[in-house]
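J.: Letter by letter, the chains look like this.
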Amino acid sequence: MVVCSSQGLLSILRKLKSTPDQEVRILLLGLDNGGKTTLLKQLASEDISHITPTQGFNIKSVQSQGFKLNVWDIGGQRKIRPYWRNYFENTDVLIYVIDSADRKRFEETGQELAELLDEEKLSGVPVLIFANKQDLLTAAPASEIAEGLNLHTIRDRMWQIQSCSALTGEGIQVSYTPHICVVLMSERLHLHMR
Amino acid sequence: MLGYIWQYVYTSFLRYWVKWFIRQATGKCELQRICSGYKPGATRATKAEYSLQSSKNQVLRQALKTNKDNLEQRVDQIMQEKNIKPQKDPLFKESLTVCLLQITGYSSLYVSVEDLRKEVFSSDNPEHEAMLLKLWDLLMPTVKLESRITKQWGDIGFQGDDPKTDFRGMGMLGLINLVFFSENYTEEARQVLSHANHPKLGYSYAIVGINLTEMAYSLLKSGALKPHFYNTVLGTPELQHFHQLYCYLAYEFDKFWLSEEPESIMQFNQYREKFHNNIKAHLQDPDVSLILTVRTKA
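Chains X and Z, in that order, are what the protein sequence lines are. First residue of the first sequence? That's 1 in UniProt numbering, and the numbers climb one at a time after it. First residue of the second sequence? That's 1 in UniProt numbering, and the numbers climb one at a time after it.
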């Protein structure tokens, strides 16, 4: 990964993103039951105890560090995955959520991620992968997941993997996640400028 | 602003004196006037609830928190406090009892519903498993489930090959509602399922059902369902009344969805919100009753 001071990058980003309210479009994808909606609600500091499976999509705007993050949470069931592509356009950061305890579906989730990274409309878009459900004893550590997904072979974009528990809030601190998103984005812009 | 001041002045000072004055003039206390002035139902129970809540008398306020077993005793206490003679107002005792059963029953119904919601579906629980299989058999009488973990679950609108992960925040409440609808309105449930499996206007039957359970639950929690239950149950509302309300929502949502002809399932939340607002508007009507009416069988 490109290492730079995030402060300097933030100012570059601010200059480049000259829209008055500096909106950032974040796309939240992953298999069903991965925890996308729980993550979304945690980011928006909302109650997470009555969550139901997402039919269609949810969207929330979160204000953070002078940016307005519009987070799109799209349902993950197989039947509606074909609709994912309708939401690719103008995405600034892709967040991909994985249920770290659902080992039976690691292959499926890896395939879906690989297909996303091949999408033309998402080319170069930084990806933040959440190895979710770390509160469960059976959860695989993020390092194991990164290896299984061959993340180290990604060369065409910024990426980061982060272990978390959307349920307890661990690893997705409300200010931290937007921060990572912004850093990933600014690094992308910095690369373009060189 | 002026409205706030008036409200404050009225509830803190004026209301008491107005009530005292009318009492002197009519010889009846506010509760008596409510019980004799309105027919049984939402208006009467809501007014009685407000009257008890804002009473300065401990006995009256406490009555709202009483349980079913002590209710008669509470009513007697209120009549004593308010000096109401059964000979003079023979209908009062029965009327107030019904109101209190409705008011306190609503709170205890919420407690029972919340318990079911918190009960997590567990594959190790034979009862839970049996209920899930029953749902399949009720909805798909001619198709046999090939195994417990199978893609077939998608045919009744679960997301993956094991429905257990779909109950989530609604727990057993979601499953019980789905089974109740299929069991008590079998024909209607199968009809709704066939609409849900429509290639173009379709949606995921079970998932949408669990979403509608969430709608019913949050309406109950916020108190919005009070007028509905006060009108439709002249006594203590029970769990089955809540399940009945779910049936109404499931059936009506299907009708609504078909009539709106949404572009695709991705529009679900938008139409869900619209439907939710329609229901909330219905609940503003004091005569509301959200009862599923189906054609009677010949």
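To be clear, the hints were calculated from the coordinates, so they are not data collected in a lab. Note that the structure is a prediction, hence the values are computed from the model and not measured. A couple of the hints might just be wrong.
Stated by the list, open to error - Residues from chain Z shown here face chain X by an in silico Cβ test under 7 Å; the list is partial: (1) D166; (2) R168; (3) V208; (4) N211.
The beta-carbon is built from N, C-alpha and C at its ideal position, and this holds for glycine as well.
J.: Where does the structure disagree with the numbered hints, that is, which hint numbers, in rising order?
T.: none
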